[in-house]
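There are 8 protein chains.
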Amino acid sequence: MNKKELTEILNMVANGKMTVDDAMLRIKTKPYEDLGFAKVDTHRSIRQGMAEVIYGAGKTKEQILQICTAILDSGESAVLITRMNEQAAAYVSKHIELEYDEVSKIGIAGTLPQTEKVGKIVVATGGTSDIPIAEEAARTAEFYGNNVIRLYDVGVSGMHRIMDNLDVISTARVIIAAAGMEGALASVIGGMADCPVIAVPTSIGYGASFGGLAALLSMLNSCASGVSVVNIDNGFGAGYLASMINRI
Amino acid sequence: MNKKELTEILNMVANGKMTVDDAMLRIKTKPYEDLGFAKVDTHRSIRQGMAEVIYGAGKTKEQILQICTAILDSGESAVLITRMNEQAAAYVSKHIELEYDEVSKIGIAGTLPQTEKVGKIVVATGGTSDIPIAEEAARTAEFYGNNVIRLYDVGVSGMHRIMDNLDVISTARVIIAAAGMEGALASVIGGMADCPVIAVPTSIGYGASFGGLAALLSMLNSCASGVSVVNIDNGFGAGYLASMINRI
Amino acid sequence: MNKKELTEILNMVANGKMTVDDAMLRIKTKPYEDLGFAKVDTHRSIRQGMAEVIYGAGKTKEQILQICTAILDSGESAVLITRMNEQAAAYVSKHIELEYDEVSKIGIAGTLPQTEKVGKIVVATGGTSDIPIAEEAARTAEFYGNNVIRLYDVGVSGMHRIMDNLDVISTARVIIAAAGMEGALASVIGGMADCPVIAVPTSIGYGASFGGLAALLSMLNSCASGVSVVNIDNGFGAGYLASMINRI
Amino acid sequence: MNKKELTEILNMVANGKMTVDDAMLRIKTKPYEDLGFAKVDTHRSIRQGMAEVIYGAGKTKEQILQICTAILDSGESAVLITRMNEQAAAYVSKHIELEYDEVSKIGIAGTLPQTEKVGKIVVATGGTSDIPIAEEAARTAEFYGNNVIRLYDVGVSGMHRIMDNLDVISTARVIIAAAGMEGALASVIGGMADCPVIAVPTSIGYGASFGGLAALLSMLNSCASGVSVVNIDNGFGAGYLASMINRI
Amino acid sequence: MNKKELTEILNMVANGKMTVDDAMLRIKTKPYEDLGFAKVDTHRSIRQGMAEVIYGAGKTKEQILQICTAILDSGESAVLITRMNEQAAAYVSKHIELEYDEVSKIGIAGTLPQTEKVGKIVVATGGTSDIPIAEEAARTAEFYGNNVIRLYDVGVSGMHRIMDNLDVISTARVIIAAAGMEGALASVIGGMADCPVIAVPTSIGYGASFGGLAALLSMLNSCASGVSVVNIDNGFGAGYLASMINRI
Amino acid sequence: MNKKELTEILNMVANGKMTVDDAMLRIKTKPYEDLGFAKVDTHRSIRQGMAEVIYGAGKTKEQILQICTAILDSGESAVLITRMNEQAAAYVSKHIELEYDEVSKIGIAGTLPQTEKVGKIVVATGGTSDIPIAEEAARTAEFYGNNVIRLYDVGVSGMHRIMDNLDVISTARVIIAAAGMEGALASVIGGMADCPVIAVPTSIGYGASFGGLAALLSMLNSCASGVSVVNIDNGFGAGYLASMINRI
Amino acid sequence: MNKKELTEILNMVANGKMTVDDAMLRIKTKPYEDLGFAKVDTHRSIRQGMAEVIYGAGKTKEQILQICTAILDSGESAVLITRMNEQAAAYVSKHIELEYDEVSKIGIAGTLPQTEKVGKIVVATGGTSDIPIAEEAARTAEFYGNNVIRLYDVGVSGMHRIMDNLDVISTARVIIAAAGMEGALASVIGGMADCPVIAVPTSIGYGASFGGLAALLSMLNSCASGVSVVNIDNGFGAGYLASMINRI
Amino acid sequence: MNKKELTEILNMVANGKMTVDDAMLRIKTKPYEDLGFAKVDTHRSIRQGMAEVIYGAGKTKEQILQICTAILDSGESAVLITRMNEQAAAYVSKHIELEYDEVSKIGIAGTLPQTEKVGKIVVATGGTSDIPIAEEAARTAEFYGNNVIRLYDVGVSGMHRIMDNLDVISTARVIIAAAGMEGALASVIGGMADCPVIAVPTSIGYGASFGGLAALLSMLNSCASGVSVVNIDNGFGAGYLASMINRI
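Protein chains in written order, with the working numbering: chain A, 1 to 248; chain B, 249 to 496; chain C, 497 to 744; chain D, 745 to 992; chain E, 993 to 1240; chain F, 1241 to 1488; chain G, 1489 to 1736; chain H, 1737 to 1984.
So here's chain A without its partners, still in its complex pose (with noise of 0.2 Å):
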């Protein structure tokens, strides 16, 4: 149930179209439902304006399956599966619709309402090995409905590619830079746009770059204004909360 539907109801309740009884049955549901080894949150749409999420990793494909069918039953119309391994896809997809992208393991569940998408939201990338980072950030912010522009492959060892593409980041409204490595990416984004730049960064790299210690290290540092992070590989956060500042 999403904000608009409740409105709806307590509308028709002011106005004498629908009784107490009959708006307390369609609310009053519990605003999450406890499968025991989850209490799934179906009333977030409500609460917080987006509707719930599933992180697929560390949980198995059944447990994957029973949390989409709550919150379709829920009444959302799809829901979106993080970090969902193949066979998890295969599994669920079995029992419900479900389109699953492998580059970066998400799934949606359910049908997406055609909505107009709004705003610009810039993806760029260091490498071509932040590409499923970056996809996972993508893809979330379309389920949101979002408009996405991607710019991969414009890291600072090859300045000429960015500064080529300085009129895409001057019109954005938001830009999610991910890279890994030294991360400097964000620094010199954040250096030129004039909008919020979530920098996220990947744990591509070897040796002293720990894991994609170096790059969230170096984004915490940057000295350009603007800028803010979000953890290591997390796409999806970067996505969501692109889309937050997007439709504010």
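Keep in mind the hints are simulated off the structure, nothing from the lab.
Since the structure is predicted, the reported quantities are computational estimates derived from the model, not experimental observations.
Here are some of the chain E residues that sit facing chain H, going by a computed Cβ distance under 8 Å: (1) Cys1187; (2) Leu1212; (3) Ser1217; (4) Val1221; (5) Asn1223; (6) Tyr1232; (7) Ile1240.
For each residue, glycine too, the CB sits at the ideal point set by N, CA and C.
Chain A is already provided as a structure; the job is to place chains B, C, D, E, F, G and H on it using the hints.
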């Protein structure tokens, strides 16, 4: 020179009210003023919509004054100085107009134009000791023309303090959550709010807080969506970004 | 041999119902059994009131069986084995009675005496993926004769889930809070409960969770009083300590 | 106001000895006092059974006095202040009654009610330099009405010192083990005692002790069961928790 | 060629029993054999009194065989190979005489001369899982002609196990203490013994043991004097040094 | 296209031997080829004098082939591929000419022009296990037309091995020192040589080597002047830089 | 004594212009002067072509003077002292000729011979606060006879400042890039330049810069080729190496 | 009381020259003196052959004096105090005989018996700044009756300084190698010596030395055999252990 001024000049040229040469003269100052020890970015309000800021730490009082003067001379009406110590404030205020706040160590040189404050940015802290950082954020946001609501000492060890302020949280456009120690405030607020939350880990704590590292890691790993993180004690960065988002 | 049995023997000696020599024979087995690769602590239930436990990781299935047998032979009725893999469980159960749980990797060899369960230990988790660690804690506590209430998937990103269970929390004698990622659950519960909270950081998470380090530091820095911490993923330690406190 | 007082009021209402209105007046103060810079938790002794405590570090002497006064005014007879420096103690004692201990930096404002001390909490240290932290723990426990036995300088480099005190250890209800350097004391005591052991790593040491990190890690990895850990130098936390367990 | 052989040759020259040219021929092989991928130190037993050792990890089985052969050809009667996997052992033993131990992964190529074992080196472990590292130490010490006494599974969680063996500890010339987790064994033994203690942190443990880091830091910070530390899991290094000290 | 070719074209234009239009056609390809997943830098040899290199890790074999082809098509005669696995090598070599080395995982697609090798770059290693990284450096340097001398297994535990090669060291123009474990080789060579030393920490080691961190820190703190450091295991970076310096 | 002087002596001997005994007298001073607390390397300019340097930190002013005198007495015309505090400078300048710079803390004792400066070393900084380290590098390079161009405050948050100086960067023979915070300057310059770039992380920053660690890791992971790194704040090392490369 | 004295008493009893009661009186003082804040180990010279030592850091001057007196009163002729500041030395020397060295911060209270110094312990340092730590080691070793040879400032950046002293190294019975920065000295000496090498990392250095961590890791990873490590700056520990080994 800001965007609006530039547009006016260009319009006058377009309308024949100003010759190209005169426009050239007024526009084509170099985009930065080279003071030797610093290259002051005098075009930043054109390029990024928000004027250059002086990071006071590690600069002598003479350097701060020189940079202030250069920026004000370039046409800005006011300039923000962060991490300004009291000696520097006393020195600068002898030469130019300066408003200085001892708690946040923020100075404002020149005169802030009276503009209507927009939106609603909530600045929350876990404890009393986080207030200096929170004030740096709040005053930065106010400098850039935003309404700010302060919500101090609402840490998670006494949940009723934050529960009591749910309405403030649920009506915010952006929230800044500054907390040291375990930094759980960001996650708890992130779970309640439906707007972007900017988490500022502070260096408040002792022992295994490791100068703010515990709060930083905690915030980066936040299980709540819509939370992003800036550097430890980076109140300015949070306030600047909050303004960007609020004014989007 | 446990404390009660020892007291009985000594009383019989005091009452002349047993000769000193017979008592000597029954008591003065060595306080540990030396198996070469291990010195099994057969007097621990006398010394510490709780029987020896086998940490299964890093031991061969043959070693586990040998130690089990030595403990059971020393007079214990049951022995707890933690971190026991399925191969070891299959092997040991061929030779002696064994109850094995795949989720928590806990095995119980021998027969648990039917005693009345006492007190109320609450075991809470932040998410679904923390359940294996929580179950290790819960089953350990049950092994030592405690009542356990499970409260799973009540992480702080959806505060209403925990608010809904305030009564469970406020009536507990001890609470175990197992959480990965930012581990804020321990602080939030610690701020609500008036009993000891044992925090168990789990290695659930990715990126800057650094294998549970983020949750560990977060919990150590908890702003709530009454919270103490055990090693990352140490469900057994939490369950054992909870039992000690509950049965004090 | 504490639990006992609240129960008395409610009983008087039930017995007709107090009107509902009078009861309302006495009870329904807000659960916290908002001082602007702090939200003082005046209901904590009702909610958690132990009164609010003031963490003195990072607060001005004026702030400490204000919070003290707010708590005493809310009906508590005494309030504990930790990490209080000598300047603050001198200042506060000019305005209200204060007992101050220089070693532990603990102050007690108001008057402790004379109650019978219960149980037996043992506070042990590895060396002489750990005493300030141990005293913070001991005095906190005494503040909350517990008997405390001090066992100082019994580190493992001279095992006979601790062996000589086995009786003290084996008859304790809770033990606090404070040690810096390698922190082995917690494991050794944990292996001897049959009660909960609260390990407090201290920042005593140099070089690879890294400000208490070595002791912290050592204690978290204790091979003895029944040991849990609080933050480095967190004597207060240990004393508070020990009281909770002892008074369970 | 070892020191004794060299002395004999030089004496024969001094006594006229060998011509200078013949001596030259026998002595003046280069101090190392260059195999391209390795420069085998064939004079080490002259220079340092103990023959070259092969660190098997990261070398192919063919490389190990080649180096073995080079060393044996240079006049050594036997050569020690550490961290030798079973494939390499099977391969080498097809070509030259090899004694291989699966637990410690130690191989001995050639024939150890029958010499009287000297001194008394005690090798102790905290637990059963530390045995492979302890065996690497013990077998290394035996290879170099020392008497070794094994004292396994005497960790501090059951102090009576080590107390029972005080005589073994107090009569040792050198003690090797191998322990993972919190590594307290080294300090406890160091506090009892009056001989050098070589501490070997092992990578046994989980969570905050961080691959042996906790034990390493603990041992470096030992409050007992006479304790020094080698690398995590470096059983060979401990055995080699123990031999050096014992044979001084 | 490289600098020389560009100069020739421009000279032909200057001499009237080529029309401006023809020159434009040949020069003004975009400075990078956009393959979607990658923006291949086809002007790098003009801009930086050394052709684009493909970092093979994290790219599919199809991507590697596509990028190779794009570079070769842009006019380069050969392209270097680092960290290329054997599957990728097999696949690429089916479609284009490829020379592949299994030890260093380096592939060279196309045909290296026969040019005279210049200068003298010495590549030294501490042990046998460092050779793969050293070979990556050596082959990279050879690819760019430098003479390379290999000096393997000259670690400081047998100083005579390096003393024996003082002449090689003292006549080098650049030295690459690759070492794991404690990485002392860089300092020792740095103290002997009078040319730049590029230190490459390797991840060879165990325990407290922490994946090369020990060697990295050691090399960064080198007391010898003239030493600089590249990332752990970054043989390519060392070879590339050595070539830059040698050909200056 | 430097290489040139030695060659002259040897030539005079070869030509019969100097007797072997006289040459012996002039050459065969010991290669170092033993001052007890220090062994001064008086032959370094022969062995490595660049004279001994005094690292002033941690030495008393008397020790610095003694070492200066020993070096000047051995025939050097000037000696460089780094990290010299003002007290030491005042003291030394009373006894011998000394030129001292307060910003870089560099002193030069004796008289620099007037030689023609060669090449072009560019020293760039990210901000104003990095200047002291940059000056240490610049003055070191100048001491060894190199031309130095300073390019200060060109950090990546204002890319136009560096773009404006592309010609300076593209004509350098060596570039030193000193930056704190996220250290992105090294990568950006590395991507533009076709000469070796020496990256100097500085300790400028706060919070998660961890004393320069963030910049250090960032620079080690630079995606640009041709970049190597020296220790945090090691301006001297960068200047020395730059000179070595420039004068190759 | 030391071992020799105890043996004498026992012999007198055996020979009838002393009654059992008198012997009891002289021997059976408690093995430690309890001063409240400290339990002074007065039997350590019996148990471990080397008298109790006072670690001065973190003790007040009054505490040091009290412990000194207790030890001297128990029959020791002299007592070693480490890390004693000048104030404490001045205070103690007013009351009892004290020899104090400012460089090493070592004090010796009482009178050292004139005994013949044995063996040969070499104490080497990498630089001048390591001398205070080295002196702590040297004076400790001398206190326990060992001959000590100092070999200062022989770091690996000038290998000839150490090569010149090969004879000193090759004739030592134990070597202590104290070095900061990269700590390579321990490996280089370890590769040359045929006796145990005790490595002492010092906190000398800056930047990525991280307070001695770089040297510590370097020494733990030493590729030379026979090297073990004590804590950063632990000169006392090294001197004590060296004495133990030398006097074995």
